[in-house]
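Participant: Read off the chains here:
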Amino acid sequence: MATTSPPAQAPDVRVVPDEQDRSSSHLYVSMGPQHPSTHGVLRLKARIDGERIVDVDPDIGYLHRCFEKHSEQLTYPQIVPYTDRCDYLAAINNELTFALAVEKLLGLEVPPRAQYLRVITMELQRIASHLIAFGTFAMDLGATTAFLYCWRERESIINLLEEISGARMLFHYVRIGGVRNDVTDDWLRRVRAFVDDFISDKLPQYHRLITGNRLFVRRTKGIAVLTPEDAIAWGASGPVLRGSGVARDLRKVEPYCGIEKYDFNVPVGENGDVFDRYMVRMLEMEESAKIIKQALEGIEAGDVMAPLPRRWKVEGETYVRTEGPKGEVGCYLVGDGSDKPYRLHWRAPSFVHLQLIPVISKGLLIADLVAVIGSLDPVFGEVDR
Amino acid sequence: MGVNPVVHSGDPEINAAGHPGVLTTSLRKVLNWSRKASLWYMTFGIACCAIEMMATGASRYDFDRFGMIFRASPRQSDLMIVSGTVNEKLAERIVNLYDQMAEPRYVIAMGACATNGGPYHGLYNVVNGVHEIIPVDVYVPGCPPRPEALLHGVLQLHEKILNEGLPVRA
Amino acid sequence: MADEEKELQSQEAPAEGSRGEHGEKQRPARRTRTPKKEEAPGPHDTLEDLPGELARAVERIRAGLPGVEVRGRRDHWLEIRTEPSRWVEVATFLRDDPELRFDYLALLTGIDRLDDGFEVVVHLNALTSNLRLILRTQVPREEPVCPTLTGVWPGANWHEREAYDLLGIRFEGHPDLRRILLKEDWVGHPLRKDYIDRRPPRKIQVKADWERRA
Chain F
1 MATTSPPAQA
11 PDVRVVPDEQ
21 DRSSSHLYVS
31 MGPQHPSTHG
41 VLRLKARIDG
51 ERIVDVDPDI
61 GYLHRCFEKH
71 SEQLTYPQIV
81 PYTDRCDYLA
91 AINNELTFAL
101 AVEKLLGLEV
111 PPRAQYLRVI
121 TMELQRIASH
131 LIAFGTFAMD
141 LGATTAFLYC
151 WRERESIINL
161 LEEISGARML
171 FHYVRIGGVR
181 NDVTDDWLRR
191 VRAFVDDFIS
201 DKLPQYHRLI
211 TGNRLFVRRT
221 KGIAVLTPED
231 AIAWGASGPV
241 LRGSGVARDL
251 RKVEPYCGIE
261 KYDFNVPVGE
271 NGDVFDRYMV
281 RMLEMEESAK
291 IIKQALEGIE
301 AGDVMAPLPR
311 RWKVEGETYV
321 RTEGPKGEVG
331 CYLVGDGSDK
341 PYRLHWRAPS
351 FVHLQLIPVI
361 SKGLLIADLV
371 AVIGSLDPVF
381 GEVDR
Chain B
386 MGVNPVVHSG
396 DPEINAAGHP
406 GVLTTSLRKV
416 LNWSRKASLW
426 YMTFGIACCA
436 IEMMATGASR
446 YDFDRFGMIF
456 RASPRQSDLM
466 IVSGTVNEKL
476 AERIVNLYDQ
486 MAEPRYVIAM
496 GACATNGGPY
506 HGLYNVVNGV
516 HEIIPVDVYV
526 PGCPPRPEAL
536 LHGVLQLHEK
546 ILNEGLPVRA
Chain E
556 MADEEKELQS
566 QEAPAEGSRG
576 EHGEKQRPAR
586 RTRTPKKEEA
596 PGPHDTLEDL
606 PGELARAVER
616 IRAGLPGVEV
626 RGRRDHWLEI
636 RTEPSRWVEV
646 ATFLRDDPEL
656 RFDYLALLTG
666 IDRLDDGFEV
676 VVHLNALTSN
686 LRLILRTQVP
696 REEPVCPTLT
706 GVWPGANWHE
716 REAYDLLGIR
726 FEGHPDLRRI
736 LLKEDWVGHP
746 LRKDYIDRRP
756 PRKIQVKADW
766 ERRA
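Chains as they are written, first to last, in the numbering used here: chain F, 1 to 385; chain B, 386 to 555; chain E, 556 to 769.
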């Protein structure tokens, strides 16, 4: 029996350079993969001098589930549920990216009602994802109450989405060619009620609870500043890029699902510190709510699914990207004319953002490292795929 | 460590040494009852199921009702909820964590991935079920399981703990 | 899918059955044909009359980089194909040219093209003008070495490590080319089309055995 199981005390084969240097006063701290504040299975190898961080080396791959190789063995409709499991906090946005990529290669037209439903669910999902980012971030900094409050609103969103998709978290609602189910007018009314309540009552509650809190501000303002030049050079996107003051939102730059018709702002930060990235997420929830309200007013009756081809012949290659809650979610798809992709590469924003940890956390206190991770909001399903 | 494995006799009221006894029977009941009423679980989220585990711990479903609170250290926890896909890189860490937990320790395999690899069964980097690296007490199916399902799994584990024998020294 | 796998196994697996030389299960490479490239019209096709800014960008690239293939696609992406020897030169030009300014690297990845070797694909973006460009090169299968782009866009770092890990493309001059997703001692590169999983099977662990072991 002992022959088949791996050794219980496996030696750590990864040696940090000059770890052997006994003369230096640096200490090596390994954080994770089992750590409550790493948002999953991230391992950080930090070299510290006293309380100050000298260098950090993020170690990922603890959740690598072979998504890209596996998708070469699956047909296109079969891949959709696996994209859910990439960024499992924002399943709808992932499905949407993949569906848009396949639709582009197939030349499918999506019916208008499905476009509206996609926008509504996508923005609901963005609010849900930002709520988790907010709650876990606050909890990492010691405010457990905010975590419990944000789950209250997330459950409401999940209930709404569960009603139309049947699943609580990995919805599989957006399909290639449209969406799975039509919704009732009553459902739309309840979405409206939720959004109104969220904007008028719940969001101000969060701001009262956390944003103005002096302890919170002291731990986030001026911490881990990311300059706009660095943000662009390292390929940051989403709230991380906008927190540094670069107003780039793919919904504005490369509109999809008819989002160019909607009126919404792109909130940006000023200093690029942890607080700004947090604030951008909070303000984005308001903008998402605005979009949902407009979609609820504009929604029209009709089909929710385009007729699909009987035989799937997907030819050519494309790179389609959407603005996910974490940043630029991209799907690079190469089809060879069969019903299975020849190559699929998933561009995960969290994967790119984790590169930034060594860049922005040099010289910080070790306790600030959790604030840095929380402000980048990584999800390990998509980091490791 | 130093304690022999739990001996399960057919009759729960027969103790491990083979004799029925008023004292051991009652002691067993008290010990098992107290164990099941304070299962501290380790905060070890892996994948999608971890979010549902967090939802179960949060206000709507509330693990606290069962005396379950999360501990960040494996040395203080009795229960490991394996909430996600285990791959080759993570496998040795999980074994490491399991070995650090104090006995008696329990494992719940939450979700299809931890049960047998689930949707990722048979892929190059995936361990086909966490039972290939550590022993599992309760399997909870689902992808991801609803919080109710996880609670049901915990209740099943309670039942299992209540029916355990007393550990005896060699 | 299971049926198809069986069928393929019977065609390609060695004569003694589905067991390899160490008794492990052999998985055949699923498909062994390269995709046909230029065929039926799609979003990736060349667009003859380009809109103004794209045409200007194409002119600019042709003037600055003589001998480099460049075209504009129907979905408004520019596309450049070059040899590995000019890889860094082309990238530096694209980043530094005052009219182009491709300052944002969206993704870098590789594709296994079987007999044609590995293709390295980079998607670039100019944030000010929102020009989009695909940069490609091909490296041979026997000697998959490509110069690194980390000196041009630091964000290429992890993308290149991932391509090295999963496809085995070595990026020359990369500051820290280690495996990133798989274990350090992993053998092979799984995204290659001819990759076979050679892990030995494991047994189910039983609690009593485990406690006795400890």
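Just so you know, these hints were derived from the structure itself, not from any lab.
From the three backbone atoms N, C-alpha and C, an ideal C-beta is built for every residue, glycine too.
Hints are not guaranteed to be accurate.
To be verified - One-sided and incomplete, this derived list gives chain F residues near chain B with beta-carbon spacing under 8 Å: (1) Cys66; (2) Ile164; (3) Arg168.
As the list claims (entries may be wrong) - DSSO-like mimics (lysine-lysine), calculated; alpha carbons at most 30 Å apart, straight line: (4) F:Lys362 x E:Lys738; (5) F:Lys45 x F:Lys290; (6) F:Lys252 x F:Lys221; (7) F:Lys340 x F:Lys290; (8) B:Lys414 x E:Lys738; (9) F:Lys293 x F:Lys340; (10) F:Lys202 x F:Lys221; (11) B:Lys545 x E:Lys758; (12) F:Lys221 x F:Lys362; (13) E:Lys738 x B:Lys545; (14) F:Lys261 x F:Lys202; (15) E:Lys762 x F:Lys313; (16) F:Lys340 x E:Lys758; (17) F:Lys45 x F:Lys261; (18) F:Lys290 x F:Lys313; (19) E:Lys748 x E:Lys738; (20) E:Lys748 x E:Lys762; (21) F:Lys313 x F:Lys293; (22) F:Lys340 x E:Lys762; (23) F:Lys290 x F:Lys221; (24) F:Lys313 x F:Lys362; (25) F:Lys261 x F:Lys221; (26) F:Lys313 x F:Lys202; (27) F:Lys45 x E:Lys738.
Participant: Compare the structure with each hint and give your call.
Facilitator: Verification of the supplied hints:
{"no.": "1", "hint": "Cys66", "result": "holds, 4 Å"}
{"no.": "2", "hint": "Ile164", "result": "violated, 17 Å"}
{"no.": "3", "hint": "Arg168", "result": "holds, 6 Å"}
{"no.": "4", "hint": "F:Lys362 x E:Lys738", "result": "holds, 27 Å"}
{"no.": "5", "hint": "F:Lys45 x F:Lys290", "result": "violated, 42 Å"}
{"no.": "6", "hint": "F:Lys252 x F:Lys221", "result": "holds, 29 Å"}
{"no.": "7", "hint": "F:Lys340 x F:Lys290", "result": "violated, 38 Å"}
{"no.": "8", "hint": "B:Lys414 x E:Lys738", "result": "violated, 46 Å"}
{"no.": "9", "hint": "F:Lys293 x F:Lys340", "result": "violated, 38 Å"}
{"no.": "10", "hint": "F:Lys202 x F:Lys221", "result": "holds, 24 Å"}
{"no.": "11", "hint": "B:Lys545 x E:Lys758", "result": "holds, 24 Å"}
{"no.": "12", "hint": "F:Lys221 x F:Lys362", "result": "holds, 16 Å"}
{"no.": "13", "hint": "E:Lys738 x B:Lys545", "result": "violated, 37 Å"}
{"no.": "14", "hint": "F:Lys261 x F:Lys202", "result": "holds, 27 Å"}
{"no.": "15", "hint": "E:Lys762 x F:Lys313", "result": "violated, 50 Å"}
{"no.": "16", "hint": "F:Lys340 x E:Lys758", "result": "violated, 33 Å"}
{"no.": "17", "hint": "F:Lys45 x F:Lys261", "result": "violated, 46 Å"}
{"no.": "18", "hint": "F:Lys290 x F:Lys313", "result": "violated, 39 Å"}
{"no.": "19", "hint": "E:Lys748 x E:Lys738", "result": "holds, 20 Å"}
{"no.": "20", "hint": "E:Lys748 x E:Lys762", "result": "violated, 39 Å"}
{"no.": "21", "hint": "F:Lys313 x F:Lys293", "result": "violated, 38 Å"}
{"no.": "22", "hint": "F:Lys340 x E:Lys762", "result": "violated, 42 Å"}
{"no.": "23", "hint": "F:Lys290 x F:Lys221", "result": "holds, 28 Å"}
{"no.": "24", "hint": "F:Lys313 x F:Lys362", "result": "violated, 50 Å"}
{"no.": "25", "hint": "F:Lys261 x F:Lys221", "result": "violated, 36 Å"}
{"no.": "26", "hint": "F:Lys313 x F:Lys202", "result": "violated, 48 Å"}
{"no.": "27", "hint": "F:Lys45 x E:Lys738", "result": "holds, 16 Å"}
In this structure, the hints that do not hold are numbers 2, 5, 7, 8, 9, 13, 15, 16, 17, 18, 20, 21, 22, 24, 25, 26, in rising order.
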